[in-house]
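Protein chains: 2
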Amino acid sequence: MNQVNIPATNKPVVVIIGGGFGGIEVAKKLRGQPVQVIILDKHNYHTFQPLLYQVATAGLEPDSIAYPVRKIFKKQKNFVFRVAEVLKIVHDINCVQTSIGSIRYDFLVISTGTKTNFFGLKDVQNNAMVLKTLPDALNLRSLILQNFEETLLITNLDDRDSLMSVVIVGGGPTGVELAGALGELKRFVLPRDYPELDIRKMQIHLIERSPRLLPAMSAKASSKSLQFLEKFGVQVWLDTAVENYDGRKVALSNGKMINSQTMIWAAGVKGAIVEGIEDALGESGRRLQINNTFNVVGHDNVYAIGDVAEMQTRAHPNGHPMLASVAIQQGRHMARNIRLMLKNKPALPFVYKDKGSLATIGRNKAVADLPFIKTQGFLAWFLWISIHIVALVGFRNKLVAFVNWGWSYITYDKGIRLIIRRFEKKGGNS
Amino acid sequence: MNQVNIPATNKPVVVIIGGGFGGIEVAKKLRGQPVQVIILDKHNYHTFQPLLYQVATAGLEPDSIAYPVRKIFKKQKNFVFRVAEVLKIVHDINCVQTSIGSIRYDFLVISTGTKTNFFGLKDVQNNAMVLKTLPDALNLRSLILQNFEETLLITNLDDRDSLMSVVIVGGGPTGVELAGALGELKRFVLPRDYPELDIRKMQIHLIERSPRLLPAMSAKASSKSLQFLEKFGVQVWLDTAVENYDGRKVALSNGKMINSQTMIWAAGVKGAIVEGIEDALGESGRRLQINNTFNVVGHDNVYAIGDVAEMQTRAHPNGHPMLASVAIQQGRHMARNIRLMLKNKPALPFVYKDKGSLATIGRNKAVADLPFIKTQGFLAWFLWISIHIVALVGFRNKLVAFVNWGWSYITYDKGIRLIIRRFEKKGGNS
Numbered sequence: 001m002n003q004v005n006i007p008a009t010n011k012p013v014v015v016i017i018g019g020g021f022g023g024i025e026v027a028k029k030l031r032g033q034p035v036q037v038i039i040l041d042k043h044n045y046h047t048f049q050p051l052l053y054q055v056a057t058a059g060l061e062p063d064s065i066a067y068p069v070r071k072i073f074k075k076q077k078n079f080v081f082r083v084a085e086v087l088k089i090v091h092d093i094n095c096v097q098t099s100i101g102s103i104r105y106d107f108l109v110i111s112t113g114t115k116t117n118f119f120g121l122k123d124v125q126n127n128a129m130v131l132k133t134l135p136d137a138l139n140l141r142s143l144i145l146q147n148f149e150e151t152l153l154i155t156n157l158d159d160r161d162s163l164m165s166v167v168i169v170g171g172g173p174t175g176v177e178l179a180g181a182l183g184e185l186k187r188f189v190l191p192r193d194y195p196e197l198d199i200r201k202m203q204i205h206l207i208e209r210s211p212r213l214l215p216a217m218s219a220k221a222s223s224k225s226l227q228f229l230e231k232f233g234v235q236v237w238l239d240t241a242v243e244n245y246d247g248r249k250v251a252l253s254n255g256k257m258i259n260s261q262t263m264i265w266a267a268g269v270k271g272a273i274v275e276g277i278e279d280a281l282g283e284s285g286r287r288l289q290i291n292n293t294f295n296v297v298g299h300d301n302v303y304a305i306g307d308v309a310e311m312q313t314r315a316h317p318n319g320h321p322m323l324a325s326v327a328i329q330q331g332r333h334m335a336r337n338i339r340l341m342l343k344n345k346p347a348l349p350f351v352y353k354d355k356g357s358l359a360t361i362g363r364n365k366a367v368a369d370l371p372f373i374k375t376q377g378f379l380a381w382f383l384w385i386s387i388h389i390v391a392l393v394g395f396r397n398k399l400v401a402f403v404n405w406g407w408s409y410i411t412y413d414k415g416i417r418l419i420i421r422r423f424e425k426k427g428g429n430s
Numbered sequence: 001m002n003q004v005n006i007p008a009t010n011k012p013v014v015v016i017i018g019g020g021f022g023g024i025e026v027a028k029k030l031r032g033q034p035v036q037v038i039i040l041d042k043h044n045y046h047t048f049q050p051l052l053y054q055v056a057t058a059g060l061e062p063d064s065i066a067y068p069v070r071k072i073f074k075k076q077k078n079f080v081f082r083v084a085e086v087l088k089i090v091h092d093i094n095c096v097q098t099s100i101g102s103i104r105y106d107f108l109v110i111s112t113g114t115k116t117n118f119f120g121l122k123d124v125q126n127n128a129m130v131l132k133t134l135p136d137a138l139n140l141r142s143l144i145l146q147n148f149e150e151t152l153l154i155t156n157l158d159d160r161d162s163l164m165s166v167v168i169v170g171g172g173p174t175g176v177e178l179a180g181a182l183g184e185l186k187r188f189v190l191p192r193d194y195p196e197l198d199i200r201k202m203q204i205h206l207i208e209r210s211p212r213l214l215p216a217m218s219a220k221a222s223s224k225s226l227q228f229l230e231k232f233g234v235q236v237w238l239d240t241a242v243e244n245y246d247g248r249k250v251a252l253s254n255g256k257m258i259n260s261q262t263m264i265w266a267a268g269v270k271g272a273i274v275e276g277i278e279d280a281l282g283e284s285g286r287r288l289q290i291n292n293t294f295n296v297v298g299h300d301n302v303y304a305i306g307d308v309a310e311m312q313t314r315a316h317p318n319g320h321p322m323l324a325s326v327a328i329q330q331g332r333h334m335a336r337n338i339r340l341m342l343k344n345k346p347a348l349p350f351v352y353k354d355k356g357s358l359a360t361i362g363r364n365k366a367v368a369d370l371p372f373i374k375t376q377g378f379l380a381w382f383l384w385i386s387i388h389i390v391a392l393v394g395f396r397n398k399l400v401a402f403v404n405w406g407w408s409y410i411t412y413d414k415g416i417r418l419i420i421r422r423f424e425k426k427g428g429n430s
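Those protein sequence lines, which keep their order, are chains W and D. The first sequence maps to residues 1 to 430 in our numbering. The second sequence maps to residues 1 to 430 in our numbering.
Please note that the accuracy of each hint is not assured.
Repeated chains share a single entry, so a pair holds when one copy, or any two copies, can fit it.
What the hints assert, rightly or not - Below, a list of computed lysine-lysine pairs in the DSS-like style, where the Cα atoms sit at most 25 Å apart:
| id | residue 1 | residue 2 |
| --- | --- | --- |
| 1 | Lys374 | Lys88 |
| 2 | Lys186 | Lys71 |
| 3 | Lys71 | Lys345 |
| 4 | Lys355 | Lys186 |
| 5 | Lys256 | Lys77 |
| 6 | Lys74 | Lys11 |
Just so you know, these hints were derived from the structure itself, not from any lab.
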């Protein structure tokens, strides 16, 4: 395999796989250090993943939650970026093989995030939509709108209902926020767009295997989010699993069947593992096992941070929660450790600082478990909006998101109802 | 062919093919009238076509220049919208056949706009990009950015130059505005994004067959736009035609060759004609011939407006210019005539009121031929920005465009440099 054309250097090379929250943070905090920092990502932009559901439900444009990687680093001289897919890590020779050639590293940081876990349900995998990337979100937006346009053309009532209905699997933050946003569309937007249709027939189902929504949050957050969702007309199924989905009928573990031509699978993820590092997967086989300095078990100068990594601690025996704030803290600490190692000092163990979590259900309705306050309703919603505006990368993106949200709030409208590229159902998520 | 499922009515049915500037205006001005208004369009949104080049050059997000058709008409009770492609007009039975079934009409308004005219140059058609729709603009944006990412990977200097270079064919408003926007990218944005590349090697060529740019505007506008473009580093070729393009080399009528892997064809259009109406094409075979009440020659209750139509008048022997303001005036007048005909009064002849035209080359640089003033430079640019902000449909779109332009102006930056969907060169425009 050819070497990738990279500016020559005699400094140590830090290769970072993945430009998510963790990877970006490592590179930023190595600014001005005597290293060459290389980020590899399949896309030329960083995605603000927690807001993908807003793109899927016409609340934000894709451009507001994406930020060009090169723009983040435009003034950082030790930074190199390449759009590439990493195919294999060849640890013996400190080298990653990619779609554009091979690259040598002195330090390797794996921050590849997760991919969807279908738990072996092949039919679900072939027929469900997922929500991991911007194209996924745009496909979902197109599909929901296309379904409504198609409903207008048919007269069979069963087909109409199943075209209008949506089943969301997984009651974590993604599922809950998506269900809430669809509930808002159903209540405020779609009746105005489709006066010819009886929008009450649109059913939004949210299916969660455990006894409560948002299992990682407080009991109060769970019960309030359930209450908010039911107010928006979402039908929540707790203690229920999906057994099969053929593209039209959802078979549930309680024996019931739901008619729906749209299923969104948000029920589980696993680490996005690169070939050559599989031996570091833990018993669950889902995430890379790391020690308290992010070192991947069994690989000297290879590190993993963020959702792909599992650091087992007393407080978090199954690793830290998969949150942007965890990845950012880990990225920052990873960079600090690299700076220490460059000076031949020992790396310091990572200590996680819980920043809490929030989920929004819709207009004036959110739940927040924060270190200083647990709250539900308007205040939580206001906190959610504020935190997300601040967290969005780049002033332009903040301002555009602020305009969109302000506009939606005042008008009860969601402006981005565009089928820019038709989604053609083919089946088969990888 | 099945009838399309449309709400039953005993009122006259006005079918409008195409939701561009003209078609939208007809439907709006028939609000509250005793007719059923049906718009058919391939997309669920109206595109603000004059700003497509801004999307292609990362200046605006696609969502700012698109507006959902249903949203425009959400309070109009006599309005019906269907996403459909019209296949054929069967005039004998007052019926259009579409991709979703057939629809009967009492009045038919054809406002399908134009499609690209390659003048029989097959190789150009297979290898050039066009800029007619939002997906076209997004493909072009992706391609330009992909080319730069690819340039980083190769070492052959000739290949590098041809990947970075862009050839624009056609010195009308689209070609001039696109060339100017690319010139800005080259000057202000790309050097910061790609410090590894020698951006001076990026060549932007603009090729125009006639002796001057913007042939439809004043001589002063032509000479000033040439001067502005040259200041931005654009190489302008006047009195020059393209003879061939194989995807790598552009053969010019003056015998010269230009190396470029990206050509954008903006050199000509022809009416987007629907089957069943070809007999109304004029001698040039490019547009539907209409009389001064928009009646398509030889077809009683069929009308055509906007770019697809050609009303020959003393002032405009080849029909009116292809401008949004013409289509809007014609749409408004068409609706007025339908209202008259409903009352059994005769339709009134259309009189065009010239609103002038503008073209922007870049930062502080535009040319304007307006009824009250002909000006070039900052004032023209300021007028251009103001008129386009006002003309964008919807407050949200205006505000987001304003934010983006304001942001770009202050920072010399264009924020939307995203390859959201990779463009795969396949060749073959239809």
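Consistency of the hints with the structure:
Taking identical chains as interchangeable, the C-alpha atoms of Lys374 and Lys88 are never at most 25 Å apart, the minima being 44 Å within one chain and 62 Å between chains. For the homomeric pair Lys186 and Lys71, the shortest alpha-carbon distance between copies (15 Å) is at most 25 Å, but the shortest distance inside one copy (37 Å) is not. In this assembly of identical chains, the alpha carbons of Lys71 and Lys345 never lie at most 25 Å apart, being 33 Å within a copy and 62 Å across copies at closest. When the C-alpha separation of Lys355 and Lys186 is checked against a cutoff of 25 Å, the pair qualifies neither within a copy, at 33 Å, nor between copies, at 42 Å.
In this assembly of identical chains, the alpha carbons of Lys256 and Lys77 never lie at most 25 Å apart, being 59 Å within a copy and 40 Å across copies at closest. In this assembly of identical chains, the alpha carbons of Lys74 and Lys11 lie at most 25 Å apart only when taken from the same copy (20 Å versus 62 Å across copies).
Of the numbered hints given earlier, the model fails hints 1, 3, 4, 5; all others are met.
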